[in-house]
Each structure stands twice: as C-alpha cells, then as structure tokens.
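Take these sequences, add in the hints, and give me the full structure.
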Amino acid sequence: MGRIQLKQVKKSFGDVTVIPPLDLTIEDGEFTVFVGPSGCGKSTLLRLIAGLEDTSDGVIEIDGKDATSLPPAKRSLAMVFQSYALYPHMTVRKNIAFPMKMAGVDKAEQDRRIEAAAKALNLADYLDRRPGQLSGGQRQRVAIGRAIVREPAAFLFDEPLSNLDAALRVGMRMEISELHKKLDTTMIYVTHDQVEAMTMADKIVVLQAGVIEQVGSPLELYRTPRNKFVAGFIGSPKMNFLEGPEAAKHDAHTIGIRPEHVEVSTTEGLWQGKVGVAEHLGSDTFIHVHGVPGCDPMTVRVGGEIPVHHGDTIFLNPNLEHLHRFDAEGLRIQ
Amino acid sequence: MATQHSRSAARLMMAPAVFLLLVWMLVPLSMTLWFSFRKYLPLRGGDLGWAGFDNYVRFVTSSSFWPSVMTTLIIVGGVLVVTVMFGVLLAILLDQPMWGQGVVRILVIAPFFVMPTVSALVWKNMFMDPTNGLFAHLWRFFGAEPISWLSEASLPSLVMIVSWQWLPFATLILLTAIQSLDSEQLEAAEMDGASPLSRFFYIILPHLSRAITIVVLIQTIFLLSIFAEIFVTTSGAFGTKTLTYLIFQRVLESQNVGLGSAGGVYAIILANIVALFLMRIVGKNLDA
Ligand SMILES: Nc1ncnc2c1ncn2[C@@H]1O[C@H](COP(=O)(O)OP(=O)(O)O)[C@@H](O)[C@H]1O
Ligand SMILES: [Mg+2]
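So the protein sequences, as listed, match chains A and B. In this note's numbering, each residue carries its 1-based index in the first sequence increased by 11. In this note's numbering, each residue carries its 1-based index in the second sequence increased by 1.
Hints may contain errors.
Subject to a maximum C-alpha distance of 25 Å in a straight line, what follows is the list of computed SDA-like cross-link-like pairs (lysine to any residue) [what the hints assert, rightly or not]:
| hint | chain 1 | residue 1 | chain 2 | residue 2 |
| --- | --- | --- | --- | --- |
| 1 | A | Lys18 | A | Ala78 |
| 2 | A | Lys112 | B | Gln250 |
| 3 | A | Lys105 | B | Trp67 |
Partial selection, computed: residues in chain B whose CB lies under 7 Å from chain A [stated by the list, open to error]:
| hint | residue |
| --- | --- |
| 4 | Glu185 |
| 5 | Glu188 |
| 6 | Glu191 |
| 7 | Met192 |
| 8 | Asp193 |
| 9 | Pro207 |
Where chain B lies over chain A, by a calculated footprint (3+ residues, C-beta under 8 Å) [to be verified]:
| hint | stretch |
| --- | --- |
| 10 | 84 to 92 |
| 11 | 109 to 121 |
The set of hints was computed from the structure by calculation and includes no laboratory data. Quick reminder that beta carbons are idealized off the backbone N, C-alpha and C, glycines included.
Now the structure itself:
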C-alpha cells in the first residue's frame, strides 16, 4: 500500500516561500513524475514527503494516516538520491543490508532479500566490492537495491539518472520502468527532463515556482496542456507560439503549434519563411524557419530527407486540428 | 620524465636538494652515534676515549630506564585517546549551525597558539596549585580535600595539560573532515532507520577514520618529545620522567654526553617501534 496525499502543504525557508499551499494525491501503485525547471521546488516537495524537511503548514497522509510529524524512518518510504548516497566504506552487500540491519531483520531473511535484489539488478558479481570500485550505472543499481530490500510503501527518486551518460540513462529508464511493473509499488520520480517524464510516468505533475501547473497522463499533457507553460515544457522540440494578427485570426492571444504538426511545402502554404539551421537526426529533420509573422524562428519537423538548403524560401501548413489557443493570461481556450 | 635525457637532467637538478637533506639528517645522527660510543664528560676531562657499548649498557640497566619508557608511552597514549575522543565530539559540536560560530571556533583553536611553557605554568599555578588553584577552590567549595595535582596525580595532570594544548589541532583536522561528509549520506542513513547513535558509528566515524589516523600519526611524533611541560611542572619528579627528560638529565644534569647520546639512540629506536606499530594498526586507513 502506498497512497500519498498532500493537503494544503506549504514550505518556506525563512521569508521565502518555496512551495505555496498545494494539494496532491498519489494513488497506490502509481508511477508519478514531478517535472519542472531547475529550482522550481521538486526536490523540496519530495523531501517533504520523505520527512527530511518539516512542512511549514498542511498535512501529509500516507495510506490515510497523518504522517506530517513522523520521522523519515517511520514513513516506510525509500529514497534514491541524486548522488546515490552509498556508504563508501561498506561493501555493496553491507550497503544493501544496512536498512535491514537497522530494522533488525534476521540474518537469513537479510541474505534472502539481498540475493533477490542482486539478481533483479544484475549485481550478484559485485556484492563484495566497494562503491568506489563501481561504475555510475552500477552504483545507481546498488542505491535502488538498498531501497528495494526495505519493501517500502513507496519509492522516491530524486533525479536518479542525471549523473549518467546518455546511453546508460535510456537503459536505466527502462529498468526502473520494468521494476515498477514488477513490484507494482508507488513510485515518485523527480526530474527536470520532460523526456524522462513522458516515457516513464503514469501521471505527470508539472511544477513551476512551487505551483502545480497541471496533473495528468503524459498524453493528456501533450494533447491538452492547460496553459502556455505546460504546452512549452512538454514535447520536444518545444511548441511554436505565435502572437499578433495570426493569433487574432483564431480568436486567441497566442496560438501554439508543435513542430510535428506543421507540413512543409516548397510551393504553397499558409505561412512563408526562409530556411535557417537544419538539425538532421536521421529519421527526422528539424528545420528552423525564419520570417514567419509572430514567431521567429519557427521549428518544423520533416521526415527524413527534404531538398531544401539554407536561405531557401519554403511554405508551411499548420494542421489546424492540433492548434492550441491561449488567452492573454496564457490559459488554454477550449 | 620519459626520455633518458630528461631523467638524467632531473637527477642532476635534484642532487643538491637530496645532498642537503642527507647532510642535514646524517650529520647530527652520526654525531650522536659517535658520542654514544665515547666516554665524554665535558666538565670532568672532556673526551676520555672509546667506551664501547658501556654507555648503552649503563643507560638500559639504570633503574630509571624502563619506567621512563613506560611514562613516555602512557603520556603519548593518554593524550592521543583524550584528544581524539574530545576532538571528535568538539568537531561534531562545531559543525552544528549556531550563533557566533566564528568566534567560538577561534576560541577553540586558541590554546594551540599558547606556548607550551606558558600553558604549563598557567595550569600549574592557576589551576592545579593545591592552595590557591581554581581546582582547589572548587574542591573546597564542595567540601572536599583539595588534591595536590602534580604530586598525587602527576601523570593524569600532565596528560590533561598536554591534551589541552593538542585538542585544538585534533579538533581542527576532524572538523574539516566532518565538513566534507556528504549530507545526503546522513539523510540516506536517516531514511534507512539509523538512530543518531547508529549514524555516528556507521557513517560519521568511518568517514573520519582517515583524519583520525593523521591526527594520531602527527601527534605521536610531537608527543614523543614533549619536554617543556614536564620541565616546568614537575621537573621529572613524581614518576613523570619520560625518555626525553631522562636524556636531558643525563646530558645536562650529570654532564655525561656519551650516556645521553646512547639514550638518544634508544629514543630513536623507541620512536621507530611506535611508528611501526601505528602504521600496522592505523596505516591501512590511509590507502585510498
Ligand atoms: N535549505 C534551503 N534553504 C533555503 N532555500 C532552499 C533550501 N533548499 C532549497 N531552497 C530553495 O528552494 C528552491 C527550490 O529548490 P529545489 O527544491 O532544490 O529545486 P529543484 O529540485 O526543483 O531544482 C530553490 O530556489 C532553492 O534555492
Ligand atoms: Mg533538485
């Protein structure tokens, strides 16, 4: 069981309010991702849930019980830190055994859980090494192993992949997702990377300056962002925003169109512009088009090869079905 | 330093420094060795010729020798235990955020700047004096008979004085070590259910092991040769005669340079034995 509910939770450091009163429910077994730009209070929120910071106001309930003033160890939550926070003078086995030792689990049971975790995480060959002798990915696995053996009600991850190289990151992303499927335990995962959020989450919580901008499934956020911030934050490359007369034609202050929802033509189209930088990814090419009224540059996606060069004039046709409209406050117009 | 040429150039350029160091070390050492085999009494005839191993035998068979070795080891060991224990506690205390941190830190470090002679005099006259010392007043306040510290509890008193001087050094090194501890490790341990005491023994103390090793090694070097504190307080009476002090007495009070030099050679041997034991016990903490 791991249902976590935040009711009017607030956090200030001195005079600075980092998280204004906030409500959030995380259902049992859900993979929830907190995503937002750096410094928006994601870690603080996670640490409030973990009990590593005191709330300034409000109530945190875990499985329906008030946990606001419980110490971290009593919340049956396990956390994986950004720096992994392994104990450098202990072997991998001792690291993983540490929480069980503290909880007074008997030796045989400890060994059984260590074996199981080591097998699940491919750590069996490294159990007698120290963290200093492991690669980044292996350390990450040890940190996860140390969390698993506690059999917690929920896992908390704070940017666990940000210290890994790109290839390893994709691999670990998969492993964590698989782990979630296998354990079926609540997981809260903090990241500033919207790709991680989109690929892993059941539910994404988009934060900005401590305020929840939107909560929803990845596709909900992609298809119906509640405001301009979410629209710009979710999706890669970013959504293009147009203001001025073009937006007025659609009765909006701002309109948004994603790069993948614009068709490119060399002969005719709604908007006209000059080709700037082209980013070739192989499967796709992203072209930055200059001179589109109200949006400079506009990014568009074309599949594979297209016979245009820097400086060429091209025409753009937005797919109006996928047009997003926002009012002057940046809120979505239905 | 790869080619033949650059290697020999390097050797050539290092030669003067190496030579100077060798002379620096070897001249006093060989002079000590030389005198230890001579019968040399500066006020009673000067150099009276070859003495063989007489000096060595006399020094070791003197009734003061083994007690002085024991005294040396007790003082060194006692001060090490006191400074490391209180050093760790003080370092943890000073690491806590508190009001007036800067001033408190300077106050804690202050004793290190007081010269040994001065601090020993202060302790002897202001604290430990059996009639007028602060301790005597304190004892009388509680209705107890004042202790004459330096005669009745001479070794503990000396350990106390020397520890007071060396505590700042230990605290300072241990404090910097504690400050380098990743706070996420402590938080992880907290989430893993470790009580404050477990966090201390499982996380903080192992993290400090290297710093403690350095404190122990450096202090040992200096503590083996403490002199001023003994000279000023007890002049070697009441069982406070260390090996260093014994050598001093042989050379200056008995005016026997040969005997003192033999003692000096024993002191070198003792220091090396201690160093060997220390490296065996704590040296592995220095490996990365
Ligand atoms: N202990 C603290 N004292 C004061 N301010 C803090 C503290 N921890 C975090 N903050 C502030 O709170 C804000 C949110 O920080 P954080 O939660 O770490 O952001 P994120 O994890 O989203 O990058 C930042 O502006 C940061 O400066
Ligand atoms: Mg953070």
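Q: Tell me if Glu185/B is really an interface residue toward chain A, meaning its C-beta lies closer than 7 Å to one of theirs.
A: holds (4 Å)
Q | Coverage of the stretch 84 to 92 of chain A by chain B (three or more Cβ within 8 Å) | A | It holds: at least three residues are needed, and the stretch 84 to 92 of chain A offers 5 whose Cβ sits within less than 8 Å of chain B.
Q: May I ask you to test the interface hint for Asp193/B with respect to chain A, counting a Cβ-Cβ separation under 7 Å as satisfied?
A: OK, holds: Asp193/B within 7 Å of chain A, min 4 Å.
**Q.** Coverage assertion for the stretch 109 to 121 of chain A with respect to chain B, Cβ distance below 8 Å, three residues required
**A.** holds (count 4)
Q. Regarding the pair Lys112/A and Gln250/B, is the alpha-carbon distance no greater than 25 Å?
A. Outside the cut-off at roughly 57 Å; violated.
Q) Between Lys18/A and Ala78/A, does the CA-CA distance stay at or below 25 Å? A) Measuring from Cα to Cα gives roughly 12 Å; hence the hint holds.
**Q.** Satisfaction of the Glu191/B interface hint, Cβ to chain A closer than 7 Å
**A.** With Cβ-Cβ at 5 Å, under 7 Å, it holds.
(Q) Next item in the hint list is Met192/B. Is there a CB on chain A closer than 7 Å to its CB? (A) Hint holds; Met192/B Cβ to chain A Cβ min 5 Å, cut 7 Å.
Q. Holds or violated: is there a CB of chain A closer than 7 Å to the CB of Pro207/B?
A. holds (4 Å)
Q: With chain A as the partner, please determine if Glu188/B meets the hint condition of a C-beta pair closer than 7 Å.
A: holds (5 Å)
(Q) Holds or violated: Lys105/A and Trp67/B, Cα atoms, limit 25 Å. (A) Answer violated: Lys105/A to Trp67/B is near 46 Å, above 25 Å.
The structure does not agree with the numbered hints 2, 3 stated previously, though it agrees with the rest.
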